[in-house]
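J.: Residues per chain, in single letters:
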Amino acid sequence: METTKLTALEARIAKATEKLLIPIEKMEEEYAKLHDIAVAKGTETWEDRKAAQKPQCTFGEEGVCCRICSMGPCRITKKASRGICGCDVHGIVARNYLRFSAGGTAAHSDHGREIMHTFSQTAADKDYQVKDVDKLLKIAKDWEVETEGRDIYDIAHEVAEIGLLEYGKVHGVQRFIKWASKDRQEAWAREGIEPRAIDREIAECLHRTHMGCSSEPIALMRQALRSALSDGWGGSMMGTEFSDIMFGTPMPRDTEANLGVLDADCVNIIVHGHDPSLSEMIVKYAEDPELVALAKEVGAKGINIAGVCCTSNEVTMRHGIPMAGNFLQQENCILTGAVEAVIVDIQCIFPALGPLSQCFHTKFITTSEIARIPYATHIPFSVETAGANAKAIVREAVENFKNRDKESVYIPDMKRKATVGYSCEAIIKQLDTVTNSYVDETGTYQPLVDCITSGVIRGAVAVVGCNNPKIRTDFGHIELMKKMLKNDCVIVLSGCSAQAAAKAGLMSKEAKDICGAGMKRVCELADIPPVLHMGSCVDISRMMRLVCDVATQWGVDVPQMPVVGCAPEWMSEKAVSIGNYVVATGIDTFLGVVPYVGGSDVVSNFLQDGIKEWVGASFTFETDMEKLGDLMLENIEAKRLALGI
Amino acid sequence: MTLFERVFNGSDDMFNMAVKAVDEAIAKYGEDKAVSLPNTAYGIPCLYAFTAKKYETLGAIKNEALPAIQEMMVKENRLHHAFTSGIATALSAEVIETMKYVMNDGEKPYDDKYHGHMSDAEIRELGVPLVTDDIPGVAVLIGPAPSKEIAADLIKGYQSKGIMVFMTGGIIDQAIEANVNMGFKIRVVPCGPELESVIHVVSVAIRAALIFGAIQPGDYDGILAYTKDRVKAFVNAFAPLSDRTVGCGAGAIALGFPVITDDKENTWSVPKSLIIYDGYENYIPASIEARGIKLKITDIDVPIAVAPAFEGEIIRRGDMQIEANGSRLDAFELVRTRDASEVEDHKITLVGKDLDEFEAGSRINLAYVVDIAGKAMQPDFESVIERKIHAYINQCEGIMHTGQRDMITIRVSKAAFEAGWRARHFGELLWALIKNEFEAVCDKCQVTIYTDPEETAKLRHELAAATYEKRDERLGSLTDESVDVFYTCTMCQSFSPSHVCIVTPERLGLCGAVSWLDAKATKELNPEGPCQIVTKDGPQDDRLGRWDGVDAAVNKYSRGAVERVTLYSIMEDPMTSCGCFECICGIEPMSNGVVIVNREFTGYSPIGMTFGDLASMTGGGVQTPGFMGHGKNFIPSKKFMAAEGGVERIVWMPKALKEEVAEKLNATAKELYGIDNFCDMIADEETAADEEALMAFLTEKGHPALGMDPMM
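Residue numbers (the working numbering), protein chains in the order written: chain A, 1 to 645; chain B, 1 to 712.
Note that these hints are calculated values from the structure, not bench results. Please note that a few of the clues may not be correct.
As the list claims (entries may be wrong) - Ranges of calculated distance between the beta carbons of each label pair, as one might list FRET restraints:
(1) B/E177 to A/K141: 55 to 63 Å
(2) B/P240 to A/R190: 53 to 61 Å
(3) B/E76 to A/D413: 37 to 45 Å
The structure presented is a predicted model; accordingly, all values stated were derived computationally and were not measured. In this text, a Cβ means the ideal position worked out from N, Cα and C, and glycines have one as well.
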């Protein structure tokens with residue numbers, strides 16, 4: 001009788017897990033071998049630097065150290081309950097938190113701004129063009145741009161101008177917030193957190209936290225939400241939507257992930273960072289017949305592009321370019337000795353890559369003035385000369401093949417298949433396949449709503465965010481995902497969590513077998529992998545649209561839905577900005593790394609509870625992954641109970 | 001209340017009923033009373049499939065089966081538990097139905113209008129039409145429907161699309177009121193009056209997994225995957241749905257069968273699984289789409305419905321407008337290969353009077369000659385196409401066809417005639433269906449219909465008889481030695497994934513439906529299809545019929561599940577079976593012989609096993625030395641278990657089967673051993689019901705097997 005008990009379900013899952021997934025232990029074994037290579041070369045990796053950083057500063061960790069003016073640094077201790085200016089611990093923690101978040105908003109939004117700049121220069125005969133005309137026309141209509149009888153590029157340029165003005169416009173709030181569900185818009189208006197011009201919000205964060213301005217913690221939190229909303233429903237959304245317009249809205253496609261995607265016989269080029277403008281061109285020129293011929297001439301089989309971090313997510317979503325790894329794999333790529341060039345744009349690039357690349361033949365090429373790094377070859381990349389720049393960069397990599405020490409190449413033999421490319425548009429298209437043409441409408445999220453209300457799917461979980469050496473690499477991502485899938489929660493992913501899933505094998509369609517009966521059946525009927533790759537970290541804006549549109553379709557407010565967000569291994573300022581706008585959008589958000597707010601119970605409690613009064617959702621901090629997962633499931637079931645489903 | 005709560009309540013209700021039914025049975029008979037369902041080798045089949053146990057007494061049901069069911073009823077909010085509770089609901093229903101049989105001394109507990117439990121043989125009979133898509137799907141109707149008209153429209157609508165219909169509950173009475181014909185043969189099956197009788201159709205699906213899929217009892221995931229991927233069933237359940245119906249629905253959905261219901265109260269849509277819909281006029285296409293059933297679309301210009309479901313129809317004399325009968329008057333059918341210049345596509349010609357020029361009830365002369373031209377057409381395919389005519393004409397609602405060549409009988413019912421059926425419609429029908437099925441070889445097709453007595457007689461004797469004779473000569477010359485290649489047939493792999501038939505001239509497919517010529521034609525029609533060439537490379541053993549080429553093919557097309565087979569032995573690496581074989585033979589150790597049992601025979605063979613028992617020894621692509629499934633026409637083959645000595649090993653067959661094969665079998669025995677009237681030496685159910693009687697009979701007749709070496 002075991003066959004029908006839950007133990008049978010667990011047995012099936014255990015069997016499939018063994019068959020389909022690369023265990024973390026196996027990955028760690030391979031990382032250790034690469035680390036040995038680093039040691040042999042007399043160099044170091046993040047593991048060594050982390051050890052050297054111990055013990056990490058507890059004042060920093062708690063957020064109680066203030067360096068905003070030069071009377072300090074001040075830190076709050078038992079004997080010193082206030083800074084020299086008299087600011088208490090809550091003010092200090094809140095100011096630090098707001099500045100941290102503002103850094104993230106700035107980074108995301110500046111990424112979005114770059115995309116808009118690129119978009120403003122699209123032309124039929126240039127490197128950048130309009131690929132998704134429908135999406136452009138939809139936004140143009142939303143923004144009241146005349147479309148009838150006009151050249152698509154005229155429209156594009158006018159839309160770009162309007163979009164760019166969103167960063168500095170004098171009056172009004174972000175245009176995209178109209179895409180939010182009605183209840184959300186009302187909550188934001190009611191709480192005074194409708195985001196205004198993006199640059200203004202970021203500037204105001206810096207101003208509010210300047211010496212002698214705000215020290216009232218809750219007021220600072222309000223600005224944290226408002227500025228973050230200008231990221232999620234402003235800069236990030238622009239980054240996503242206009243990348244789609246220029247490079248195509250992602251649709252499902254197959255690829256591979258993990259270090260084994262590097263090819264010992266090919267010129268390997270790693271693209272790393274976040275902005276797809278450069279990587280799109282690199283991908284294009286990797287197929288240039290002249291450069292492919294050159295690769296063959298130098299003894300390679302071809303040119304193999306693989307990605308790291310969100311640049312990887314961008315090109316895999318649109319071209320199926322394999323994912324070599326996530327944030328903490330960037331050094332490992334170079335350590336294989338098989339990489340001719342690491343080409344980077346912006347964000348999340350270890351300065352360590354400079355010195356590390358010096359130990360190998362690998363060219364470390366920076367391209368953006370935003371991210372200048374010592375020991376890199378800097379080849380400035382500009383929109384006007386994008387094609388020529390990209391070609392020169394790829395050529396540089398190809399010509400470097402001859403310098404590879406082929407004897408000492410070590411590429412771990414591990415990779416897994418993945419299906420990627422689930423934009424909102426792709427999800428709706430996929431949902432259309434499970435409708436009945438005699439009964440249902442197409443083009444809606446209703447099938448997803450039905451799956452949730454009937455209980456087949458218990459809830460939806462967005463797992464996002466980075467790797468962080470504080471957490472065993474990928475363990476938080478993978479273990480949480482496995483737990484959620486076993487409990488019939490559908491998972492959407494972006495950023496480094498998506499790559500964690502893909503690397504392990506969770507993103508293949510076969511991974512349905514590691515799910516509970518509900519998700520397994522859903523995967524089979526809808527022909528999807530159990531975790532849906534929605535893109536890079538700016539693409540969390542896709543998730544915001546998804547939840548709001550599902551809420552509207554369902555007729556409930558976002559906080560009522562059994563939907564949670566989770567960043568088990570987050571580390572960057574962007575992640576805090578994301579967390580703030582996700583919570584403000586009404587999604588309870590679970591963090592596996594505690595932000596630097598532990599020093600203030602006022603701030604900490606507010607984020608975990610009080611904030612609910614404003615936006616209906618809050619944060620949960622829990623560093624034990626097992627408990628974090630339990631809390632998420634409890635949250636989901638409590639919401640179901642409240643809805644009577 | 002949530003959907004899962006309704007499922008849990010429903011499974012509780014059904015379980016409690018089962019407990020009560022068992023208690024009542026025990027009160028009447030005691031715990032030691034033996035329990036079984038008729039004509040199945042799988043015990044109480046669904047219980048056996050899910051728990052891997054055969055419960056043989058009321059005590060075992062009470063003390064083992066019921067607790068096993070209860071264990072599946074975990075009330076946690078996960079689909080897994082809703083599914084197992086749904087399966088538990090079905091198993092409880094099976095217990096309830098089984099108790100009805102027990103209380104009625106093992107006989108069917110209903111009156112004649114209900115079919116109740118289905119036998120293993122009936123399921124095996126469905127194997128071929130299911131894999132060939134002649135039954136493209138199975139509809140389970142749980143009624144009553146909103147009106148008897150809706151009920152009748154649905155049933156007839158499904159039937160006209162070939163979809164097999166099972167019914168339970170009030171919809172059966174609605175169908176009777178609306179004069180809908182019902183019966184297993186015409187694929188409209190009234191299961192029983194109460195909801196729990198739905199288990200009889202579930203039992204068909206579950207046994208299909210065991211029979212054809214070789215799924216091991218107890219393999220919960222395996223059963224669910226098999227039924228979901230391979231049994232194209234769906235449910236139409238009508239309002240108001242009780243919790244018990246919702247519980248059964250969860251079981252159906254667990255098995256992969258979507259439920260389409262018009263009940264909007266307290267129901268939840270689940271995409272592709274639970275569909276709420278009350279557009280009765282589109283219930284059929286909506287249901288077909290929900291299950292992903294693809295229908296073969298053939299537009300035929302005839303005034304009556306054409307669907308495989310009508311094949312089993314019988315037209316009685318009183319209902320008959322016209323009869324043609326080759327044994328009394330001249331009647332025949334013929335397919336000819338002609339040059340392209342001699343054929344005008346879709347030309348239908350009538351020579352003689354039309355049907356409305358004969359009096360009602362007349363017996364007439366009737367012949368049709370189908371001329372086919374095509375670049376890939378070969379005379380060898382004529383008989384393959386001609387043999388399909390029986391099915392084509394029989395599929396017409398109100399027309400019956402039996403026999404072949406010039407021994408056909410055709411009856412056109414008054415209803416079909418009144419609907420407008422005339423002589424030329426035979427042409428329209430044959431043209432459309434032949435062009436559809438044989439498009440790869442048939443570029444042009446014309447049909448000439450003869451009712452003129454003189455023409456018919458002349459053509460029968462001059463044209464048809466000569467052609468048949470020529471074909472027989474060709475067939476007679478076809479031996480395993482005379483041909484260069486054999487063929488695989490993997491048609492059944494949609495059902496039985498690891499089975500491969502090797503089809504040779506002297507050994508047709510075990511289903512009886514695929515001869516070597518059929519396989520050859522199939523390869524031509526569909527080069528990537530189920531029939532692939534098997535080379536005779538590397539002959540290893542003539543006696544056993546072992547070739548490297550055969551082993552390689554079996555290995556390849558079973559994807560490694562079967563490594564080697566012999567063609568002429570039932571002891572050494574015998575050929576596997578899918579489960580839809582016509583006959584099964586098994587060794588009878590005392591006489592050194594074999595018994596053969598055909599699917600239609602429901603009694604016991606002298607070795608104490610029914611067809612179902614014997615059949616359950618093999619099937620699903622498994623090799624079981626000593627047991628082998630095969631077609632009827634393989635019995636008189638010189639290659640029939642030739643390695644063990646051939647047909648003289650046959651010691652017992654059901655009488656009807658013996659009579660069917662007697663002429664050819666006698667001829668083979670005469671040729672091989674010089675024995676006259678060999679069939680007289682073979683015992684049957686009348687002459688030998690058990691082994692003792694068998695031995696006595698064989699000794700009396702001096703059956704040659706008694707003097708042969710033991711087989712094991």
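J.: Would you mind marking each hint as holding or not holding in the structure?
T.: Here is how each hint holds up against the structure:
Roughly 58 Å separates the CB atoms of B/E177 and A/K141, a value that falls within the hinted 55 to 63 Å. For the pair B/P240 and A/R190, the beta carbons lie near 44 Å from each other, so the given range of 53 to 61 Å is not met. Taking the beta carbon of each, B/E76 and A/D413 are about 41 Å apart, inside 37 to 45 Å as hinted.
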